[in-house]
Each structure stands twice: as C-alpha cells, then as structure tokens.
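Enquirer: First to last, the sequence lines map onto chains L and U. Straight run, no breaks: the first sequence in UniProt numbering ends on number 407. Straight run, no breaks: the second sequence in UniProt numbering ends on number 407.
Errors might be hidden in some of the hints.
What the hints assert, rightly or not - Covered stretches of chain L (chain U as the covering partner; in silico rule of three or more C-beta atoms under 8 Å from a C-beta of chain U): (1) 23-36; (2) 130-142.
Stated by the list, open to error - A short list of chain L residues far from chain U (calculated; beta carbon distances all over 10 Å): (3) P50; (4) E109; (5) M291.
What the hints assert, rightly or not - A few chain U residues facing chain L, derived, Cβ under 7 Å: (6) G24; (7) R26; (8) I131; (9) R135; (10) P136; (11) S140; (12) T142; (13) A143; (14) L287; (15) M291; (16) Y293; (17) G294; (18) S295; (19) L300.
Read the hints as simulated data drawn from the structure, not as lab findings. Backbone N, C-alpha and C define an ideal beta-carbon position, used for all residues, glycine too.
2 protein chains.
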Amino acid sequence: MVNIAVLGYGTVGSGVVEVVNTNGARINQRIGDELKIKYVLDLKDFPGDPVQDMIVHDFDTILSDEDIKIVVEVMGGIEPAYTFVKKCLLAGKSVATSNKALVAKHGAELLSIAKENNINFLFEASVGGGIPIIRPLNSSLTADEIEEITGILNGTTNYMLSKMFYEGADYDTVLKEAQANGYAERNPEADVEGYDACRKIAILSSLISGQQVDFEDIYCEGITEITVEDMKYAKAMGTTIKLLASSKRHGGNRLHAIVAPCMLYPEHPLYNVNGVFNSIFVHGNVLGDAMFYGSGAGKLPTASAVVADVVDAAKHLNRNIMTMWKQEKLKLEDKADAKRRFFIRFKGNEDEMLPRLQDSFGDIEIIKAEGLLGEFGIVTPVMMEGDYVTRANIYREQILHMIRVEG
Amino acid sequence: MVNIAVLGYGTVGSGVVEVVNTNGARINQRIGDELKIKYVLDLKDFPGDPVQDMIVHDFDTILSDEDIKIVVEVMGGIEPAYTFVKKCLLAGKSVATSNKALVAKHGAELLSIAKENNINFLFEASVGGGIPIIRPLNSSLTADEIEEITGILNGTTNYMLSKMFYEGADYDTVLKEAQANGYAERNPEADVEGYDACRKIAILSSLISGQQVDFEDIYCEGITEITVEDMKYAKAMGTTIKLLASSKRHGGNRLHAIVAPCMLYPEHPLYNVNGVFNSIFVHGNVLGDAMFYGSGAGKLPTASAVVADVVDAAKHLNRNIMTMWKQEKLKLEDKADAKRRFFIRFKGNEDEMLPRLQDSFGDIEIIKAEGLLGEFGIVTPVMMEGDYVTRANIYREQILHMIRVEG
Numbered sequence: 001m002v003n004i005a006v007l008g009y010g011t012v013g014s015g016v017v018e019v020v021n022t023n024g025a026r027i028n029q030r031i032g033d034e035l036k037i038k039y040v041l042d043l044k045d046f047p048g049d050p051v052q053d054m055i056v057h058d059f060d061t062i063l064s065d066e067d068i069k070i071v072v073e074v075m076g077g078i079e080p081a082y083t084f085v086k087k088c089l090l091a092g093k094s095v096a097t098s099n100k101a102l103v104a105k106h107g108a109e110l111l112s113i114a115k116e117n118n119i120n121f122l123f124e125a126s127v128g129g130g131i132p133i134i135r136p137l138n139s140s141l142t143a144d145e146i147e148e149i150t151g152i153l154n155g156t157t158n159y160m161l162s163k164m165f166y167e168g169a170d171y172d173t174v175l176k177e178a179q180a181n182g183y184a185e186r187n188p189e190a191d192v193e194g195y196d197a198c199r200k201i202a203i204l205s206s207l208i209s210g211q212q213v214d215f216e217d218i219y220c221e222g223i224t225e226i227t228v229e230d231m232k233y234a235k236a237m238g239t240t241i242k243l244l245a246s247s248k249r250h251g252g253n254r255l256h257a258i259v260a261p262c263m264l265y266p267e268h269p270l271y272n273v274n275g276v277f278n279s280i281f282v283h284g285n286v287l288g289d290a291m292f293y294g295s296g297a298g299k300l301p302t303a304s305a306v307v308a309d310v311v312d313a314a315k316h317l318n319r320n321i322m323t324m325w326k327q328e329k330l331k332l333e334d335k336a337d338a339k340r341r342f343f344i345r346f347k348g349n350e351d352e353m354l355p356r357l358q359d360s361f362g363d364i365e366i367i368k369a370e371g372l373l374g375e376f377g378i379v380t381p382v383m384m385e386g387d388y389v390t391r392a393n394i395y396r397e398q399i400l401h402m403i404r405v406e407g
Numbered sequence: 001m002v003n004i005a006v007l008g009y010g011t012v013g014s015g016v017v018e019v020v021n022t023n024g025a026r027i028n029q030r031i032g033d034e035l036k037i038k039y040v041l042d043l044k045d046f047p048g049d050p051v052q053d054m055i056v057h058d059f060d061t062i063l064s065d066e067d068i069k070i071v072v073e074v075m076g077g078i079e080p081a082y083t084f085v086k087k088c089l090l091a092g093k094s095v096a097t098s099n100k101a102l103v104a105k106h107g108a109e110l111l112s113i114a115k116e117n118n119i120n121f122l123f124e125a126s127v128g129g130g131i132p133i134i135r136p137l138n139s140s141l142t143a144d145e146i147e148e149i150t151g152i153l154n155g156t157t158n159y160m161l162s163k164m165f166y167e168g169a170d171y172d173t174v175l176k177e178a179q180a181n182g183y184a185e186r187n188p189e190a191d192v193e194g195y196d197a198c199r200k201i202a203i204l205s206s207l208i209s210g211q212q213v214d215f216e217d218i219y220c221e222g223i224t225e226i227t228v229e230d231m232k233y234a235k236a237m238g239t240t241i242k243l244l245a246s247s248k249r250h251g252g253n254r255l256h257a258i259v260a261p262c263m264l265y266p267e268h269p270l271y272n273v274n275g276v277f278n279s280i281f282v283h284g285n286v287l288g289d290a291m292f293y294g295s296g297a298g299k300l301p302t303a304s305a306v307v308a309d310v311v312d313a314a315k316h317l318n319r320n321i322m323t324m325w326k327q328e329k330l331k332l333e334d335k336a337d338a339k340r341r342f343f344i345r346f347k348g349n350e351d352e353m354l355p356r357l358q359d360s361f362g363d364i365e366i367i368k369a370e371g372l373l374g375e376f377g378i379v380t381p382v383m384m385e386g387d388y389v390t391r392a393n394i395y396r397e398q399i400l401h402m403i404r405v406e407g
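Sequences are here, hints too, so could you generate the full structure?
Expert: This is the structure:
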C-alpha cells in the first residue's frame with residue numbers, strides 16, 4: 001500500500017481524486033502496489049463528498065504520519081505551499097506539484113532537498129498541463145543539446161488570440177467571452193500580461209540549462225496591446241499572432257529568453273495551435289525539430305500529469321531521479337543582442353516615408369492592410385533588437401505598434 | 001566509466017558514434033559518469049574512420065567482455081540481431097535498439113529476460129525515430145487509460161502522399177522522386193505496403209494493452225492504390241489522405257488496430273503533418289488529446305533516441321525499468337466490428353444510382369470532383385465495416401475505390 005495525501009481540494013485536487021478513483025486499477029498495476037489517498041488537506045469540510053472522511057484541516061497530521069510517502073501539492077501560490085512542500089521533503093516524503101509559481105521560484109532548492117533525502121520532487125503538471133514535457137526533457141532528450149524551446153504555454157491567451165484572428169473580434173470582447181466561458185479569471189492579469197507563460201518558460205529554461213533562470217529576468221510582454229488592426233496586418237502578411245514563450249541558446253550555456261506576442265508563418269509548427277490548447281516546440285542539435293501538443297490546463301488533464309508523477313514517485317520510493325537544475329543563477333543574454341525581424345506599424349503615408357525608412361532599416365517590406373487608411377506596416381530585415389530600438393527611436397512619434405516576427 | 005558496444009556501423013550506428021562524439025560532455029553530465037564506445041561490431045573495416053580502432057568482427061569479443069554494460073543494436077532485421085540481443089541480455093548487458101522488426105516480434109520476451117536479469121531492454125528509436133513516444137507512454141501517461149493511439153508512422157509514404165495532395169502528382173512519379181531523394185528504398189514495399197507502419201503500431205498497441213499484439217494480426221493496407229483521382233475527391237471534401245496506423249480501445253482491453261490510408265478533415269490533429277515528418281496522436285481517458293511530432297527517421301534523430309536510451313540504461317544499471325508487455329497474446333477486435341464512415345467511388349451516373357445507394361447505405365453525401373466524368377463519390381454515414389462490406393458487395397462491379405474516413 002502506498003499512502004498519499006493531497007494538499008488542497010480545489011479544481012486540480014478534486015481532479016486528482018477523480019483520476020485515482022477512475023483509473024485506480026490500471027494505476028496500481030503500473031505501480032505494482034495499491035495507491036491510497038489517505039488525507040485531503042483543506043480549510044473546508046466537504047460533507048457528502050467522497051473525500052469527506054479523508055479531509056483534515058491540520059497539515060501536521062499529514063507531516064507526522066509516517067505512512068504518507070507521497071504528498072500532492074495542488075494549492076497554488078508560494079505560501080503556505082513552499083513551507084509545506086519543504087517540510088514534506090525534509091521529512092522524507094516525495095512531492096508532486098502542479099504549482100508553477102512554486103517551481104519557478106524554489107524548484108532548484110526543493111530538487112536539491114529531495115536529492116539529499118533520496119526521494120523526489122516532481123512537477124510535470126507545472127508546465128503544459130497534461131502535456132508530457134518535463135519528463136521528456138529530463139529523461140528522453142538526454143542525447144541532445146537543446147538549442148531552442150518555444151511554446152504556446154497559456155491557453156487563455158491562445159484562446160483569445162485565436163478568436164481575434166479567426167473571427168476578427170477585438171481584445172475586450174474576447175476577454176469578456178473568455179471570462180464568461182471560465183477560460184479567463186476575473187482578474188486576468190497573470191494570463192494576459194504573460195506572467196503565467198513567463199513562469200513556465202523560466203522553468204523550462206532552468207531545465208535545459210541546468211541552472212536557475214529567474215522569471216523576473218525574462219523580458220515579458222503580454223497581449224493587451226494586440227488590436228483588430230494588428231490582426232489585419234498579420235493576415236495581409238499570411239501570418240498569425242501567438243503569445244510565444246521562448247528560450248534560445250546563443251552559444252555555450254547562454255540563453256535568450258522572452259515572452260511576447262509574435263507573428264508566425266504557416267510553416268511554423270506552432271501556427272496551427274488554436275483555442276485553449278498548448279504546444280511546445282523543441283529543437284535539439286541532433287534530434288532536430290520535435291513538438292508536444294495537448295491540453296495545457298483543465299482539471300483532468302492537469303490531474304493526469306500530477307497522478308503520473310505520483311506513479312513515478314511510487315516507483316522510485318527512496319531513489320532520487322536526477323534532475324539537472326542547480327541553484328546557481330544563469331545570466332541571460334541581453335534582449336538587445338537577439339536577432340530577428342520586426343513588424344512595425346507607422347502613422348503616415350508609405351510613399352513619402354519609404355526612402356527615409358529604407359535608409360534607417362535597410363531592405364524593408366511594405367505591408368498594407370485592407371481598410372486601414374493613414375497608416376501602413378513594414379517588416380524589417382533580420383536585425384539585433386538593440387539596433388531596432390535605436391532606429392525606431394527616431395520614429396517614436398509615428399510608430400503605432402511593433403510586433404516581433406518569428407522565423 | 002560506462003563502456004558500450006555498437007552492433008552495426010550503418011546509418012544509425014555511425015549516427016550513434018557521431019552523437020556521442022558531438023554531445024559527449026553533456027551526456028556524461030547527465031549520466032554522472034563517462035560514456036565510452038569501446039567496440040563497434042561490423043563485417044567491414046573502416047580504415048581512416050574515427051572508429052577504426054574500435055571495430056571488431058567477432059560478436060563474442062563483446063559478449064565476453066565484462067566491461068561492456070550496455071549494447072546498442074542497430075543492425076536491423078531479425079537475425080542475427082535477435083540472437084545477439086538475447087545473448088547480451090542473458091549476460092547481464094542492457095540493450096538499446098532501433099530495430100522495430102525485432103521489437104515487434106520479440107519485444108515481450110526480451111523485456112522479460114531484461115527484467116529477470118535486473119537490466120533493461122530499451123527501444124525508443126523503434127517507433128517515431130527521434131520522437132519521444134515509448135518512454136512517455138511508459139512513464140508519463142501512467143495515470144490514463146489510453147483509448148486511442150493513431151500515428152503517421154512512416155515518413156516515406158507521408159512524403160509521397162503530401163506531394164500527391166499538394167502538387168497533384170501521381171503515385172509512380174512521387175515514388176521515383178522519393179527514391180531519387182533517398183526517402184524511399186529501391187524496393188519500397190515495406191514502406192508503401194504499410195508493413196513498416198504496421199510493425200510500429202503493433203509495438204504501440206502492445207504497450208498500451210500490456211499484451212502481445214502481433215503485426216500479422218493487424219489489417220494492413222498501403223498507399224499503392226491511391227490515385228490522382230482519389231486526391232481530387234479528397235480536396236472536394238476538404239480532406240487530405242494520410243496513411244494512418246491506429247489502435248483504438250473498444251471497451252475493456254480490446255483493441256481495434258488497423259493500418260490504412262484515411263481521409264482526414266482539417267480539424268484532425270494529424271491533418272497538417274506533412275513531408276517526411278511523423279506524428280503520433282494519443283487520447284487518454286483523463287488526459288484528453290495529446291500529440292507528439294518530429295523526425296520519424298534519419299541518421300541523427302534516430303541516433304538521438306538510441307543514445308537517450310543508452311543514457312537511461314546507464315542511469316539504471318542493475319535496476320529494471322518496468323514495462324508492461326506480457327507475452328500473452330491480445331485478441332484484436334474484428335475489423336468488421338469497427339465503426340466509421342466510408343468514402344466510395346462509383347462508376348456511373350449519380351442521379352440514376354442515388355435512390356438505390358440511399359436504400360443500401362442510408363443518408364449518404366454525394367461528392368463530385370472537378371474534371372472526373374462518368375464517376376462520382378459518396379460518403380456513407382457511420383457504419384460497421386462488416387455492414388459496409390455486405391452492402392458494397394452488391395455494387396462490386398461499379399465500385400472503383402473505397403477509402404476510410406477518419407473522424
């Protein structure tokens with residue numbers, strides 16, 4: 001018998017209980033032992049609920065029970081999750097979590113405590129929900145130097161951008177719709193400002209570099225400035241706009257990490273990822289291109305990943321699965337040194353401005369979008385972002401918006 | 001030091017050497033020890049080649065060397081690969097292989113020998129080349145009942161069908177082109193008849209059921225009958241034609257497995273997989289939909305997967321990683337009991353035949369393709385394949401072709 005405790009009976013926590021109840025027989029077969037949820041920690045009682053007899057209100061009940069070998073943390077947020085998880089690991093209990101904020105901030109430390117105690121700290125569900133990506137990076141793509149990892153890591157914003165692109169809807173309308181459908185929170189900041197995607201790419205960047213990447217160090221731009229007009233230009237260019245979270249290697253162990261809306265051409269593997277789905281593109285120096293696609297959020301997909309971690313923890317009781325993620329901080333490449341093309345919208349007349357713009361930006365492409373008068377767009381050649389900033393500065397009165405072009 | 005031997009210095013074998021040479025430092029870091037290729041078994045010598053001093057011609061040199069803890073088998077074919085691999089496992093050496101024929105036929109037995117000897121038999125590269133799919137099925141999707149696994153598992157036929165669809169080329173022309181580009185063998189049978197994809201879906205079916213699925217039991221239809229005309233109908237329907245290898249659960253542990261060209265709508269996750277790429281769609285009962293995409297073949301992608309298995313074997317010396325695949329044979333669902341829609345091309349006039357066809361097949365959809373006179377197509381409602389066969393039998397003189405419709 002492998003006894004586990006679940007910290008938090010919210011969406012993911014109740015999903016974990018449901019997954020264990022639904023697929024228990026198969027799960028036990030895979031573990032080679034019987035999995036049993038002994039406690040569910042929550043502030044509330046749930047009379048009439050299948051878990052009513054497992055509910056405890058005091059974390060110390062779980063901590064002090066030596067039967068509990070694995071703890072599932074699905075409360076979210078840094079505290080008290082961090083304190084609880086650390087105590088569990090120090091007490092020799094493995095932990096599986098879906099908490100991206102916790103993992104992004106304290107992942108390296110918690111992994112090192114798990115290693116010292118010969119147990120495991122697992123967090124597959126913290127990035128890409130049900131999509132297996134952490135374990136593949138950790139144990140499948142081990143013959144490669146990962147040169148790029150770029151993902152659509154936030155379902156809310158992808159749903160919104162898909163609606164804006166395919167239906168021509170504006171930002172405020174799609175946000176209200178996303179809120180009405182339960183895809184966006186009442187306070188949508190974490191999604192629409194890119195913070196959620198930023199924590200996730202910080203975790204992935206730490207894993208591919210083996211060092212701590214702080215999300216605060218990653219340049220992060222959300223989708224709040226994307227307009228109906230921008231989408232018209234995107235269509236005129238044959239592109240779409242996606243919120244990409246990306247980390248690219250720039251020689252040695254230096255990464256350029258960024259979260260920003262980007263224009264993507266149809267050839268890009270992430271172009272067709274629509275709605276609430278997530279997808280993660282990986283380029284390895286010998287593997288070449290690979291992509292992982294699935295539900296990035298949702299009760300059951302996320303719970304599926306958490307329970308898979310529980311299975312792995314149960315198969316590795318008293319045996320640490322090595323994860324390379326040192327606490328030593330990685331210095332990220334300066335955004336100014338990243339090379340790409342830029343789409344820029346200008347107020348004014350393209351014929352009048354063209355000679356000056358060519359002088360500033362070189363061999364540019366002019367983009368006109370249907371129905372948009374008194375403005376035009378250009379696409380620059382590949383240049384360093386620092387150079388773009390210097391040159392764009394001259395035109396700051398005329399520039400309406402800039403969107404990065406991927407590929 | 002972890003000493004390994006490579007059996008076979010062909011395309012994949014030389015790729016394995018190249019990957020170890022290129023990414024050695026990173027690989028050693030992941031293993032926590034130094035990986036060294038001590039022997040390469042081949043019939044030929046390779047004077048001037050970096051491996052010239054490692055070449056041995058006698059398998060027994062490798063078998064009797066106790067330093068060799070891991071053996072890479074990349075010779076292909078059943079014999080002598082099977083004899084060599086079995087001897088290695090019995091001698092306590094873990095084996096990593098890319099050999100789908102070997103795995104499909106003897107996987108269950110070789111896994112069981114590995115388990116008894118507390119070592120590992122790993123075969124990530126046998127399906128989907130560089131795409132991680134075996135290990136994710138085995139250790140990531142463990143909280144789910146996998147209800148469907150459907151893949152584009154053969155790059156050669158996908159390249160050919162993509163060319164036929166996008167360029168309107170005919171089968172013979174694209175086959176010659178594929179052969180000229182090195183994508184198809186001079187004898188293309190294994191690819192175009194679907195046998196390669198069939199061995200791969202047999203392996204995946206065994207893994208999701210935990211029992212032996214023989215590829216000989218799987219209905220297998222290749223792409224040799226797909227014509228320019230079929231592609232015209234596919235376009236008229238807004239679909240494309242892909243060679244799908246598929247295994248679907250029909251209640252309990254019964255699978256319906258099939259390899260056949262299918263018409264796919266743009267909403268299907270595999271619709272956009274073009275050229276030599278492979279992709280594998282998985283539906284889990286709690287995970288929902290997921291998809292894995294990448295290079296299904298090629299020297300370095302395949303070698304990347306083989307070396308990742310070597311890393312895993314090196315991290316699990318004397319410790320078996322459990323894989324559920326018993327030798328007990330799984331009885332597959334009869335093809336006649338599988339339900340789907342069918343596209344059927346008829347000789348004749350649709351107005352004349354419509355009443356009779358409606359009588360036979362129910363609520364059908366008529367499809368006309370540009371420029372095709374004296375024939376037409378229909379799409380049937382969802383029906384059992386057995387019923388389709390009975391009804392189609394009445395029209396066997398008029399039926400030009402049948403293609404299954406997916407989704």
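Enquirer: Next, verify each hint and record whether it holds.
Expert: Going down the list of hints, with the structure as the test:
1. 23-36: holds (count 6)
2. 130-142: That given contact holds, which follows from 9 residues of the region 130-142 of chain L lying within Cβ reach (below 8 Å) of chain U.
3. P50: Non-interface label on P50(L) holds, nearest chain U Cβ at 16 Å vs cutoff 10 Å.
4. E109: Nearest chain U Cβ is 20 Å from E109(L), so the label holds.
5. M291: 4 Å, violated
6. G24: 10 Å, violated
7. R26: 6 Å, holds
8. I131: Hint on I131(U): holds, closest Cβ of chain L at ~6 Å, below 7 Å.
9. R135: 5 Å, holds
10. P136: 5 Å, holds
11. S140: This hint holds: S140(U) lies near chain L, its Cβ roughly 4 Å from the closest one there, short of 7 Å.
12. T142: Holds. Min distance 4 Å.
13. A143: Holds, because the Cβ-Cβ distance from A143(U) to chain L comes to roughly 3 Å (cut-off 7 Å).
14. L287: 4 Å, holds
15. M291: Status holds, d = 4 Å.
16. Y293: 4 Å, holds
17. G294: 4 Å, holds
18. S295: 5 Å, holds
19. L300: Holds - the Cβ of L300(U) comes within 7 Å of chain L, reaching about 4 Å at its closest.
Hint compliance for this structure: hints 5 and 6 are broken, all remaining hints hold.
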